[in-house]
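Trainee: Make a model of the complete structure from these sequences and hints.
Going by our numbering, the letters in the sequence shown line up with residues 1 to 251, in that order.
Don't take every hint at face value.
To be verified - Within a straight-line C-alpha distance of at most 25 Å, the following computed DSS-like cross-link-like pairs (lysine-lysine) qualify:
1. LYS165 x LYS201
2. LYS46 x LYS34
3. LYS213 x LYS137
4. LYS250 x LYS173
5. LYS239 x LYS223
6. LYS34 x LYS87
7. LYS229 x LYS250
8. LYS46 x LYS213
9. LYS205 x LYS223
10. LYS72 x LYS173
11. LYS201 x LYS213
12. LYS137 x LYS87
13. LYS94 x LYS213
Hints were generated in silico from the structure; no laboratory data involved. Owing to the predicted nature of the structure, the values given are computational and were not obtained by experimental measurement.
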Amino acid sequence: TVYGAARRTELMKEIEENGGTALHLDLFDENSIKNCVDTILSKEGKIDLLVNNAGFGLGGSIEDIPLEEARKQFEVNVFALASLIQKVLPSMRKQRSGRIINISSIAGRFSTPFTGWYHGTKYCVEALSDALRLEVKPFGIKVVLIEPGMIQTDWGVIHGNNIRKYSGNTAYKTNANLVADYYEARYVKNKNLSPASVIAKQIVKASEARHPKRRYIAGTLAKPYVFFKWLLSDRVFDKATMTFMHLSYKD
1 TVYGAARRTE
11 LMKEIEENGG
21 TALHLDLFDE
31 NSIKNCVDTI
41 LSKEGKIDLL
51 VNNAGFGLGG
61 SIEDIPLEEA
71 RKQFEVNVFA
81 LASLIQKVLP
91 SMRKQRSGRI
101 INISSIAGRF
111 STPFTGWYHG
121 TKYCVEALSD
131 ALRLEVKPFG
141 IKVVLIEPGM
151 IQTDWGVIHG
161 NNIRKYSGNT
171 AYKTNANLVA
181 DYYEARYVKN
191 KNLSPASVIA
201 KQIVKASEAR
211 HPKRRYIAGT
221 LAKPYVFFKW
231 LLSDRVFDKA
241 TMTFMHLSYK
251 D
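Mentor: What follows is the structure, encoded as structure tokens:
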């Protein structure tokens with residue numbers, strides 16, 4: 001049985017239409033997380049697969065974004081993910097099998113301006129997943145990371161709006177508005193972005209493979225970005241990033 005959990009279950013009708021079950025889950029509420037996992041365990045007796053896909057982006061300069069908002073970003077993208085993992089692991093350890101798939105991002109491999117807090121959460125997901133994979137290996141549990149590139153969603157528009165909201169009229173306004181323009185153009189005008197089904201296929205592959213890879217990279221520009229981050233020095237990559245986003249760069 002497939003269970004989908006979200007705060008707004010009315011948006012999950014497709015899951016139920018295809019034989020799955022929609023559950024309410026508020027990632028800001030520890031009791032909600034516990035109740036969600038307990039409900040599944042009481043009905044099924046075990047959990048074979050956890051896919052952590054929740055998260056959101058927070059755009060703006062590191063200085064401009066209030067720490068309260070930054071903490072919310074980490075609460076959802078990191079601590080809620082960790083809470084779900086902690087709650088499914090006892091049953092997985094008991095059955096000596098299970099699989100945890102964490103949806104990270106290529107944003108966990110490098111950083112760009114006005115996205116620093118979001119990058120920080122994805123770096124955390126990468127590090128936690130790598131450590132967890134080694135810790136649970138003796139129990140027959142596998143941990144997999146999926147790192148999407150640019151996908152056809154409204155992420156870029158929302159991100160651009162947030163950048164303008166927090167930094168569009170501050171000392172950072174010149175570059176902030178240029179970066180907002182960049183994201184909006186990439187996600188609105190670019191018709192070549194990968195559909196979400198590309199990532200869905202990677203999730204299925206990671207779920208069914210007998211020996212899954214540690215990381216699955218997919219989506220527009222995902223592999224080129226990661227390759228050039230590996231290839232170039234930090235100085236050159238910084239310059240390339242600023243140039244790519246049409247920002248002035250002086251070293």
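Trainee: For which of the previously enumerated hints does the structure constitute a violation, in increasing order of number?
Mentor: Per hint list: single violation, 1.
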